[in-house]
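**Student:** Protein chains in written order, with the working numbering: chain X, 1 to 292; chain U, 1001 to 1123.
Bear in mind the hints are in silico, worked out from the structure with no lab data behind them. Among these hints, one or two may not hold up.
As the list claims (entries may be wrong) - Some chain U residues near chain X, calculated using beta-carbon distances under 8 angstroms:
id : residue
1  : M1060
2  : D1075
3  : K1078
4  : A1079
5  : S1085
6  : S1086
7  : V1087
8  : G1088
9  : T1089
10 : Q1090
To be verified - Now the in silico label distances, taken between C-beta atoms and shown as ranges:
id : chain 1 : residue 1 : chain 2 : residue 2 : range
11 : X       : N100      : U       : N1023     : 38 to 48 angstroms
12 : U       : E1095     : X       : T104      : 54 to 64 angstroms
13 : X       : A147      : U       : T1116     : 41 to 51 angstroms
14 : U       : Q1113     : X       : E253      : 22 to 32 angstroms
15 : U       : Q1113     : X       : G197      : 28 to 38 angstroms
16 : X       : A147      : U       : N1098     : 48 to 58 angstroms
17 : U       : Y1049     : X       : E221      : 22 to 32 angstroms
18 : X       : K266      : U       : E1115     : 36 to 46 angstroms
From the three backbone atoms N, C-alpha and C, an ideal C-beta is built for every residue, glycine too.
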Amino acid sequence: MFTQLFGNYLLNRGLVTSSQLSAALSAAKQTRAKLGVLAINAGYMNAAQVDEVHNEQQRIDKRFGDIAVDKGYLSPGQVEELLTKQGHAHLQLGQALVDNGAMTNSSFAEALSSYKSENSLTDVDFDDKTGNKVDELIGKLYSFADAENSSVYTEYVSLLFKNLIRFIGDDFTPLAPEKIPSARVSFCAKQDLKGLGFSCSTMMDTSEQAFIAFASRFAGEQFTDADEMTEAANLEFMNLHNGLYAVNLSNDEGQEITLLPPTCEKDTVVGGPVYRISVVYPFGTAAFYITV
Amino acid sequence: MSVENLKILVCDDSLFVRKKITNVLKNCGVTELYEAADGEQAVEMYNKYSPDLVLMDIVMPRMSGVEALKLILADDPKAKVVMASSVGTQENLKEAINAGAFDFLQKPISDTQLETLVRKVGK
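Construct the entire structure; sequences and hints are all you get.
**Tutor:** See below:
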């Protein structure tokens, strides 16, 4: 999840465009973070030193690590340590951005350093499997401070991101939440949640093309039309996500909520106010709405 | 009774879920499969076909899975009805078991869970 949140940071700061980010997220899985990016991330080398080693590699047939050790920028032990971190997803994203020419080693180094410092993140946090730090970051970005049950919304969004990773794919960038008076939806899967302490409507709206692509990923098969089956698949995603949310709410807060059968809405306006949380996938944007 | 001879009724308002479940059951060797899209239909089809196993969603339009479970058991106390829901709260679990459900599965249901279930019923 650090990758998606870091992507959000890069986008918000205007350091990359949405299409550059989408392309890099698609490529990231096939990308192994190179030693230069890893060394910058670890603070062992600066961008100028990395560029110097890269230039050296154009002239002599030696590996990055060997040249960096020769120049005294890295110790053999540090090279070994960095190689174990090649699979870190946010670094793979960084590498893909550098490879695509969307960022330079230097701009990536600066962005990563600012991101870590603004969010008090260390390398240890990126290895944290408890998810506490991710929850903290999500809580900061999606605080819903003006809402009565703000933590309920934050937990909803946090679980949504986890379920998107689990059922649809991790190649998305979440955008900042917006509060809007009403929502015009085109292809929308909607489900109402009713409880004593908390009731709301939840929706996922996409373009027709993204509706088909989202359903295809969820079902694990290729759909070509926005028909009954794609509708059923997307409604089931909402039902599954909301069901898991209801379980968490019951276990953690002792609050019981009932889910109503999900429905599909097309080309209609949903009254608000509503919170909109958009996530950008390579196949299109999915806007999730929760009524206030 | 072998798995091949089992009659199974799958009740879920989602066409997607019904298709997914019936595909797995077909792969397990089950040939006699029935589908219902809500609780009312499930009760009707149970009375008509007397299936050996019912897989029943809880949240459905017209009649919920738990209501349908109670009606089915009222006519056939030995009916094997497995409730399946994405809302696996303690409250729903208790309600289903108290109403006489044979088992409770939390969605998403994996292929392995379904295979294990039909083998258990087919023993």
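**Student:** Against each hint, give a clear statement of whether it holds in the structure.
**Tutor:** Taking the hints in turn, this is what the structure says about them:
1. M1060: holds (6 angstroms)
2. D1075: violated (25 angstroms)
3. K1078: With a minimum Cβ separation of about 29 angstroms from chain X (threshold 8 angstroms), the hint on U:K1078 is violated.
4. A1079: With Cβ-Cβ at 24 angstroms, over 8 angstroms, it is violated.
5. S1085: At 7 angstroms from the nearest chain X Cβ, U:S1085 passes the 8 angstroms test, so the hint holds.
6. S1086: holds (2 angstroms)
7. V1087: Since the shortest Cβ distance to chain X is 4 angstroms, the answer is holds.
8. G1088: The hint holds - U:G1088 has a Cβ within 8 angstroms of chain X, the shortest such distance being about 5 angstroms.
9. T1089: Result: holds, 4 angstroms to nearest chain X Cβ.
10. Q1090: holds (7 angstroms)
11. X:N100 with U:N1023: 38 to 48 angstroms: Given about 39 angstroms between the Cβ atoms, the range holds.
12. U:E1095 with X:T104: 54 to 64 angstroms: Cβ of U:E1095 to Cβ of X:T104: about 59 angstroms, so the range 54 to 64 angstroms holds.
13. X:A147 with U:T1116: 41 to 51 angstroms: holds (43 angstroms)
14. U:Q1113 with X:E253: 22 to 32 angstroms: For X:E253 against U:Q1113, whose Cβ atoms are near 28 angstroms apart, the range 22 to 32 angstroms holds.
15. U:Q1113 with X:G197: 28 to 38 angstroms: 32 angstroms Cβ-Cβ, so the 28 to 38 angstroms window holds.
16. X:A147 with U:N1098: 48 to 58 angstroms: violated (36 angstroms)
17. U:Y1049 with X:E221: 22 to 32 angstroms: holds (29 angstroms)
18. X:K266 with U:E1115: 36 to 46 angstroms: Taking Cβ atoms as reference, X:K266 and U:E1115 lie about 37 angstroms apart, which means the hint holds.
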